[in-house]
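With these hints in hand, go ahead and build the complete structure from the sequences.
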Amino acid sequence: MIIGKVVGYVVSTRKCDNLVGNKFMIVQPIENMNAGEKIVAVDKVGAGVGELVLVATGSAARIGCGMTNAPIDAAIVGIVDEGQKID
Amino acid sequence: MIIGKVVGYVVSTRKCDNLVGNKFMIVQPIENMNAGEKIVAVDKVGAGVGELVLVATGSAARIGCGMTNAPIDAAIVGIVDEGQKID
Amino acid sequence: MIIGKVVGYVVSTRKCDNLVGNKFMIVQPIENMNAGEKIVAVDKVGAGVGELVLVATGSAARIGCGMTNAPIDAAIVGIVDEGQKID
Amino acid sequence: MIIGKVVGYVVSTRKCDNLVGNKFMIVQPIENMNAGEKIVAVDKVGAGVGELVLVATGSAARIGCGMTNAPIDAAIVGIVDEGQKID
Amino acid sequence: MIIGKVVGYVVSTRKCDNLVGNKFMIVQPIENMNAGEKIVAVDKVGAGVGELVLVATGSAARIGCGMTNAPIDAAIVGIVDEGQKID
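Chains as they are written, first to last, in the working numbering: chain A, 242 to 328; chain B, 242 to 328; chain C, 242 to 328; chain D, 242 to 328; chain E, 242 to 328.
Keep in mind that the hints were calculated from the coordinates and are not lab data. Just so you know, nobody snuck in bad clues.
No distinction is drawn between identical chains; accordingly, a pair holds when it is met within one copy or between any pair of copies.
Cut-off 30 Å, straight-line C-alpha distance, at most; resulting in silico cross-link-like pairs (BS3-like, lysine-lysine): (1) Lys-326 to Lys-246; (2) Lys-326 to Lys-264; (3) Lys-264 to Lys-246.
Fair warning: this is a prediction, and the values are worked out from it, not measured in the lab.
Okay, here's the thing in structure tokens:
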């Protein structure tokens, strides 16, 4: 997983049927975190813009989040507790 | 997923049988989006050249788009609504 | 998928049993194509050195090419039509 | 797999149900090891901060660690023996 | 797959049970080969230090090598024949 900050979201009206009902958040990985640039992740935990989150990628995002048949390759799976220093 | 712009397409007459009937679009990820350079993605939502799209990669492209047995590792799964500012 | 040029091949006599019978081509992704440097891909479409090809990576290469149980993570799945300008 | 050093951990109270009970360690890949920057990996072997560890990524982290249905894409699967010189 | 040179190995006494019995080799991808830096790969073909090898990554390493339930994301699956010039 990587740690990133939710910096926005993206709206897509025309999309695959099995994506309907999901929120697509834009996540900026924190500095020195593997992943480089921004990714779009489905939100599974009610994350808001500005929050630090844990993002899982690959098949883990689909299968680990009960969306086995959806074309999802990244999901927000946790919110990092406030006040935490990330080494 | 990543956000990119459809910049062209590629035609392949000699290809695996289970790829027949698909359109192969060339997608340029937008700036600061993880993925770096261009990728070729199968279009599942009727995207046109010049449109901003959501691209899913890995097994999500195959399984999440009903092409479980096709050698596809990237698919356009949504079209970003017009006029949207991507943070 | 990515687009690349077949630049050579590699011979491996001592290899896993379920790789026997495959051709291992060396593919150089074209400029500005995501993937960076050369990869070794199994040829499923009769590609020759010098041809532009479509390469699928990850589980798509195995499952989408009928080699579910082989340790293959990249496959040439199409040959780009001649004379095509890649944007 | 890659070799990295455990440099910290991250606490997430609000997270997917099937992540409950896991420790999320922050791992810094050693120099010249493929992976680049830090990743967050679930600990399966009781690794402590400062230890050199083996990290498996992708579906291997989920399926190979008995967490098939959890959104986990990286796991610490071994501790490198002390005093070992990594070439 | 990628081509690399075996440059060493790593010993891990405390590791996941389903990794027991495997050799963990450190492989340096050859120049201009996609993958960048060193990776740790399980050896399935009896490769020795100094040999050029083919490495498969991702689920191919697990499933294609008969280690479906082990947390392995890279495996040496072939030894490149001696005297071969890699283009």
